[in-house]
Amino acid sequence: MATQSIFTSKVLKAVKLIPKGKVASYGQVASMVGVPRAARQVGRVLYEHGGKNKIPWWRVINNNGYIVIKNPEHSPNEQKELLEAEGIKINKKLKIDIKKYRYIPTKKDLKILENDDLYIQLILRKFKNL
DNA sequence: ATAATGACATGTT
DNA sequence: TAACATGCCATTA
Numbered sequence: 235m236a237t238q239s240i241f242t243s244k245v246l247k248a249v250k251l252i253p254k255g256k257v258a259s260y261g262q263v264a265s266m267v268g269v270p271r272a273a274r275q276v277g278r279v280l281y282e283h284g285g286k287n288k289i290p291w292w293r294v295i296n297n298n299g300y301i302v303i304k305n306p307e308h309s310p311n312e313q314k315e316l317l318e319a320e321g322i323k324i325n326k327k328l329k330i331d332i333k334k335y336r337y338i339p340t341k342k343d344l345k346i347l348e349n350d351d352l353y354i355q356l357i358l359r360k361f362k363n364l
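Numbering (the working numbering), first residue to last: 235 to 364.
It should be emphasised that the hints constitute simulated quantities derived from the structure, not laboratory data.
Do not take every clue at face value.
Claimed, not checked - Cut-off 27 Å, straight-line C-alpha distance, at most; resulting in silico cross-link-like pairs (DSSO-like, lysine-lysine):
no., residue 1, residue 2
1, Lys342, Lys254
2, Lys329, Lys247
3, Lys250, Lys288
4, Lys362, Lys286
5, Lys360, Lys247
All values reported here derive from a predicted model rather than from experimental measurement.
Starting from the given sequences, assemble the full structure and let the hints guide the process.
In structure tokens:
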């Protein structure tokens, strides 16, 4: 296996920070690792690494609250069941009340991801207003 | 070095 | 509400 890029390793680290019973959006994870507009890249990382190294890939959904997984090894229904097993309610259209379940990162977690103080303040404000 | 790709996000119809 | 359009950027070809 090739050496992972900084971006990839940070994404994996960030996803592991999402607590059981909570979810985060792709764009949110991108912001957490310092590249706010790299949501699609977060999706690609999970496509490759989902199911490996205890990565809780199922806790990442899109910003509208929908399960949008496209991976032959992990179906939308599998993701739904994994989330329900953690106590999250999901309707028939695979929609989640993201306002209710969204993980708001802590300063400590954002420090772990090597963000500087100014940037941390910035994205904390951003997610608290959701 | 250049171009295409896509587990997204956001604004406009 | 849903469909469509545009912007994005790490990877890959």
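| request: Would you list, in rising numerical order, the hints stated earlier that this structure does not obey? | output: 4
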